[in-house]
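Visitor: Read off the chains here:
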Amino acid sequence: MLELTVYGIVLGSIISLGAIGLSMVYGIMRFANFAHGDLMTAGAYVALFMITGPLAWIGIPDTTFGPFSFGWRIVIAFPISMLVVAGVAIFLDRILYKALRSRGSGRVIMAMSALGASFIIRMGVLIIWGSDYVFYRPGLLRPALQLPAGIKIRPDQILILIIVVVLVVILHLFLQRTRMGKAMRATADNMELARISGIDIERVIMWTWGIGGGLAAAAGILYGIDVQLHPGMGWNFLLPLFAASILGSIGNIYGAMVGGLVIGIAQQLSTAVLLPTYKPAVAFLIMIVILLIRPQGIFGGRRR
Amino acid sequence: MSIGGLLGYLVSFAIMAGIYAVFCLGLNVQWGYTGLFNIGIAGFFCIGAYISALVTSPPPTGEYAEYVHQAFSFNMPFPVGLMAAAAACGFIAFLIGIPTLKLTEDYLAIATIGIAEAIRLIFNNEHWLANGPRGLVGLPQPLKDFFINFGLKPRDYNYIYLGIVIIALVIIYILIERAIRSPWGRVLRAIREDEVSASMSGKSIFNFKMQAFIFGAMVMGIGGALYAHFTIAISPEVFTPLYGTFIIWVMVMAGGSGNNKGVIIGAFVIWAIWTGTRFLTDFLPYTLKARAPYIRFLVIGILLEVILIMRPQGILGEEKRVSKLAE
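So the protein lines, in turn, are chains A and B.
Throughout, the working numbering is defined as the position within the first sequence, counted from one, plus 109.
Throughout, the working numbering is defined as the position within the second sequence, counted from one, plus 5.
Hints listed in this document are in silico derivations from the structure and should not be mistaken for laboratory results.
One or more of the hints may lead you astray.
Facing chain B, a subset of chain A residues (Cβ under 10 Å, in silico) [to be verified]: (1) G233; (2) I359; (3) A390; (4) L394; (5) V398; (6) P404.
Fair warning: this is a prediction, and the values are worked out from it, not measured in the lab.
Ideal Cβ placement from N, Cα and C applies to all residues, glycine included.
Please work from the sequences and hints to get the whole structure.
Guide: As structure tokens, this is what we get:
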């Protein structure tokens, strides 16, 4: 039980990274980005491309660090993939959502456009890489460490937690300390007031997509390190991401972190009694319960 | 291809396009007229198909009984299967509607994705229910024995089935047209345009949304049942978000949401593009052939984005006046 909770925290931290971006996009543009899960997929596969392609060609060695199952190639591929997916997210906004936004299309049309984008991304991944399950580094998994209380954990999983904490702290400092971070928070609070205070809304939107896309890519890669890669992985994350954002009050970044952990732990604990394939359904069930008893989420003061 | 073969191909094309047109009509009630954002059509598709299959099929006998598990099998006639499918989908819609129809439209969308995924997972994992991932095969087809006794060749049965699909489509079309042209239908459109003023006119937003959601879901259930008895073999992997939901949305957006004739045209046009691209992918190099379906879906996805940006009203656009008195 304790072991499942620990695995739940690992899964939950990955969900948190995705949910933060989803929640930010919703907070600023007020639309449900159904392509967010597939941005995670894109991130994981861009990293795979870097590892098996350019980084191998220029001769980065395929050796691993001590107890971990990866080496320099992933370390280099990680930030590159985050930048690429941030670019993809901004590009999608420029060619799709911006046109809809400037025409005054409703949020439902925007969400539908995002649904279309999610299928386009997934089909692109399927066309290039096919539908098989793949690993970053084939071979045996490294032996797990034995922690007190009989918990087994792989060194990779500990590192995943550390990376998530580092990314979240950077995001926190960015939002609290920089001008752009303040502008983003102001826009999320009230877009019209932010606009008349001289904030460049389009720039804020661009940054929101960039950060959301980058974090989604990080989440996808970390999941790929922890488990494996599959073109449908992002779609399977969509329900947990939304459940986490709604639980933590959609639009609230710190809520999304807490929500992600709760959903991740709940999903892992459910495997004690249910088949693991039911994990998305568990997230969905939690979401329905929240919608019934507290639709504004745990940190929401008012109903939108 | 011989004339007979071509004709046979056109008939099965028309049957599938007609079945998709039924789904489009159901979605049009929910989205086109009421503004309900249901992206879990695959779930209703799946429930409709399975319920009708289970209700109409005889219990497995002999060797089959060892390999085929199904929760129940009533051996009922086809129309009972259709009605059971509609009733089951209506009930599911009612359950989904309770927590979500009072919230903003995106919550309904997320919840419908969730229910569609949950339904597919249940049919995939619960082997006792409907044979798990292997699904059900050899489903009964309406009037088949009757016509074969008259000397019809089994391969010509599709002509009969096309007739059945057309009759179902026409009945559903007339029903929806009448409903939309009634005062009830005008309330739905008022809610879609402006909930606050509709509610100030004393209309219960929640009740009307719920009725439209259930009505549309029941139509989708009939579509699912028609599909099951046409293909006579169903398994959970058919009801994915791509085949079960996304393509239907593209049909409705292409044809013109809020226009029943438009969405039927949309169903035939998009189904023609979808099946037509299969011929084009025959020219692909060998290595890409296995991935041809993905390329075809990519085309459909790009088509949706183009429609949303260039022509959001679709081919026909919405019919603005729907009252006989407003002429």
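Visitor: Could you run down the list of hints and mark each one as holding or not?
Guide: Evaluation of the provided hints:
1. Annotation: G233(A) was flagged as interfacial toward chain B, and the flag holds, the nearest CB pair being 7 Å apart, inside 10 Å.
2. The closest approach between the C-beta of I359(A) and any C-beta of chain B is roughly 9 Å, which is under the 10 Å cut-off, so the hint is satisfied.
3. The interface hint given for A390(A) is met, as the beta carbon of that residue sits about 4 Å from the closest beta carbon of chain B, less than 10 Å.
4. The criterion of a C-beta within 10 Å of any C-beta in chain B is met by L394(A), whose closest approach is roughly 8 Å, and the hint holds.
5. A hinted interface residue such as V398(A) counts as satisfied when its beta carbon comes closer than 10 Å to some beta carbon of chain B; here the least separation is about 9 Å, so the hint holds.
6. A distance limit of 10 Å between C-beta atoms decides the matter here; for P404(A) the minimum to chain B is near 6 Å, and the interface restraint holds.
Figure legend: structure checked against the earlier numbered hints; every hint is met.
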